[in-house]
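Colleague: From first to last, the protein sequence lines are chains A and B. Letter by letter, the first sequence follows residues 1 to 295 in our numbering. Letter by letter, the second sequence follows residues 1001 to 1431 in our numbering.
A portion of the hints provided could be inaccurate.
Stated by the list, open to error - Each computed DSSO-like pair below joins lysine-lysine, with the alpha-carbon atoms no more than 30 Å apart: (1) B:Lys1204 - B:Lys1140; (2) B:Lys1165 - B:Lys1106; (3) B:Lys1299 - B:Lys1140; (4) B:Lys1208 - B:Lys1165; (5) A:Lys58 - B:Lys1165; (6) A:Lys58 - B:Lys1106.
Claimed, not checked - Quick look at which bits of chain A chain B covers, simulated, 3 or more residues with Cβ under 8 Å: (7) 46 to 58; (8) 125 to 134; (9) 279 to 292.
What the hints assert, rightly or not - Label pairs and their computed distance ranges (CB to CB): (10) A:Lys171 - B:Arg1108: 25 to 31 Å; (11) B:Asp1064 - A:Arg42: 34 to 40 Å; (12) B:Glu1339 - A:Lys58: 44 to 50 Å; (13) B:Gly1207 - A:Ala124: 32 to 38 Å; (14) B:Arg1348 - A:Arg42: 56 to 62 Å.
Calculated directly from the structure, the hints in this document are not laboratory data. Backbone N, C-alpha and C fix where the C-beta goes; we use that ideal spot for every residue, glycine too.
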Amino acid sequence: MSAEGMASRHTTHAPVDDQWTIIIRPQRGWLDLRLRELWRARDLVALFIRRDFVAGYKQTVLGPFWALVQPLLTTVMFTLVFGRVARLSTDGLPPFLFYMAGTVVWSYFSACMTKTADTFGANAHIFGKVYFPRLTVPIAILISNMVAFVIHFALFLAFVIYFWLDGAAVKVSASVFLLPLLLFIMAGLGLGAGIIVSSLTTRYRDLQNVVTFGAQLLMYATPVIYPLSATPAKYRVLVQANPMTPIVEAFRGAFLGTDTVSTGALLYSFCFMVVALTFGLLLFNRVEQTVMDTV
Amino acid sequence: MNDVVISVENISKRYRLGVLGSRSLKEDANRWWARVRGAPDPSLKIGERDRDSHRKGFIWALRDVSLEVTRGEIVGIVGRNGAGKSTLLKILSRTTAPTGGQVRVKGRIASLLEVGTGFHPELTGRENIYLNGAILGMRKAEIAHRFADIVEFSGVEQFIDTPVKRYSSGMHVRLAFAVAAHLEPEILVVDEVLAVGDAAFQKKCLGKMGEVARAGRTVLIVSHNMGSINDLCDRAVLLATGSVVADGPPETVTRQYLSNGESRRAHVECQPSESQAHFQAVTLCDDAGEPTANFDIRKPFYLRMQFVVRRRIPGLQAAFAVYNSVGYRIFQSTTSHPEPAIDIEEPRQYDLRVGVPGRLLPAGSYTVTVALHIPNVSWFDLHEHVLTFDIEDTRSKRFDHDGRSVGCVLVDLTWDQQHRPLVERQESPGA
């Protein structure tokens, strides 16, 4: 380049800075989340969901019906082990419905968390080759799992109706309209926890081994197989500190009629979710930029 | 008007060396605890003051690289392995952030560091076109709009609703490239994708790239194929150890790359590597066994390859190729070529010598690339253009031409001649 060209380079760039569409810098700000870019990639999210759905059930005989098998078998297991053998309290509800309510809610949260936790590991080959907003991946996972949740939920409703016709003491309350809110909080919690773990696993591989196991342990710290009312007083505070506790209890209360959840508890879950999600997004955004150097 | 669409300003990139991701929570916790107590960092080696001063632990893949590309230019980026080409492309395609400096880009940028990224084997060709297109940054509507063109370009119409796991690797690549070729971004960044597919398809891809550039779009290509850089680019940039060392017309830059600044190199000791099979030294010698990089056009010369195979590697071959000064590969040979083939699968130290006959290469400057690989499966070691030598004409009239004007090789052909005495013939009226 000529000396003249060099000179003009310095003089012309500053005023026309806004013409540049992409500026690549070492670190972008903590708060530069590029949500607009994420919105523009919504087609990609839709295609990821489609991929997960199609690829998940191709060449299987039962197809999407596999989604029914998992909650059904888990519920049967829980009913046998915790209901018949251990004889845990179910707040006077039919054990089968009690466990199924817990399983359906818990499996959505657990799937969201464990799958988003592996965002970088599972997509390293794609992330290393092409740039697109990385958040599309965990978001697609949340929505993909929502499909499974809807199937599980429909199964659960069918059993609620069956037991109700059978004359069981089941009463559906007006708080069923809270379901979208419960789902929203759960998705947020799952995403928040998942992306925090996925961001940290890029530095600490150890965490990868802990996630699945941790999710299982967390289930026992959540009133999935026992009601909150049956927890001993000295542990109750611990169980109540778990942000998933109000969700599971509220879901069960709404559809089976054991109202044990206060608005305050739900508000606590909501606030916990907002904090976890915000922290997760900031961390994810930070890690995402250089993650391919370390994975 | 100077219409700059990519402005790379003092870009640097530092990588950590060693086993990546080896950091454990325990190590970090110990270090944190030591810092809290004011004690020295327990994971440092004795004598180190802090982690960053441990210079050996880092490598600068790029150092203060500045570059401007104007609209419609096709720029080739060349350099040896580890010169920083791929890092530069990664930064441009935003798969990793630089350590310092900034890049400003005008317009949509699409990177093809690989074709078929995100292809899912269970999905059909049709589904993968949409998925791959979206990953590369296209909107669904755009893909739908170009769908017919993409399918036609790929030539796999018949199998478009078959899962791609049933595709041959050639079909896979065609489909993947077809999607990429229809991206229509303002700026296209390409890495070596031209090295895939059969020759006819490669030609088609090259044609498509030329078309892209004629449409006023800007293309950045990284390639080891100096021939295609020369054919395709308006300008080439040579990177060496993370810095720009040459920038100009492709012929000049590729020649400089191939000659590596110095004119001849007859012997190279290779850096020991982690690989299970790697070169120790490569040497060019004359028929007396003396290392030299200057050969008589009529005499044979020898390439000596010394390498180690650490474990049994079935299918391993040692190969070399000779390139002329404009980067065209004149010939290549591997240990599987002789009858019987030379077996280098067993773990041991090898010392091979291969002879190249005289009167084969015209006078000129050449380079040699050596490799240890299982063809089409994996690479163990590769040293590109590691040796440079000259073939010199020895005043024989027959070879007294500049290298290229006599063609790429000299061939001793059999010429027959028959002659009869000249007889006057009657011209026939109809002739």
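Colleague: All the hints need checking, so say for each whether the structure fits it.
Modeller: Each hint, compared with the structure:
1. At roughly 26 Å between alpha-carbon atoms, B:Lys1204 and B:Lys1140 fall within 30 Å of each other, so this suggested pair holds.
2. A hinted pair counts as satisfied when its Cα atoms are at most 30 Å apart, and B:Lys1165 with B:Lys1106 does not qualify at roughly 38 Å.
3. Simply put, B:Lys1299 and B:Lys1140 have alpha-carbon atoms about 63 Å apart, too far for the 30 Å limit, and the pair is violated.
4. In summary, the hint linking B:Lys1208 to B:Lys1165 is supported, as the alpha carbons are separated by about 26 Å, within the 30 Å threshold.
5. The suggested pairing of A:Lys58 with B:Lys1165 holds, with an alpha-carbon distance near 12 Å, which does not exceed 30 Å.
6. Taken as a hint, the A:Lys58 and B:Lys1106 pair is broken in the structure, with Cα atoms around 42 Å apart against an allowance of 30 Å.
7. For the region 46 to 58 of chain A, the stated coverage by chain B holds: 8 residues have a C-beta nearer than 8 Å to a C-beta of that chain, and at least 3 were required.
8. Judged by the Cβ-Cβ criterion of 8 Å, the region 125 to 134 of chain A is covered by chain B as claimed, because 8 of its residues qualify and three suffice.
9. Check result for the region 279 to 292 of chain A against chain B: holds, 3 residues qualifying (beta carbon to beta carbon below 8 Å, three or more required).
10. Hint check: A:Lys171 to B:Arg1108, Cβ distance near 57 Å, so the stated range 25 to 31 Å is violated.
11. At roughly 39 Å, the beta carbons of B:Asp1064 and A:Arg42 sit within the given window of 34 to 40 Å.
12. Taken as a hint, the range 44 to 50 Å holds for the pair B:Glu1339 and A:Lys58, whose Cβ atoms sit roughly 47 Å apart.
13. For B:Gly1207 paired with A:Ala124, a C-beta distance near 34 Å keeps the hint of 32 to 38 Å intact.
14. Judged by the Cβ atoms, the range 56 to 62 Å given for B:Arg1348 and A:Arg42 holds: they are separated by roughly 58 Å.
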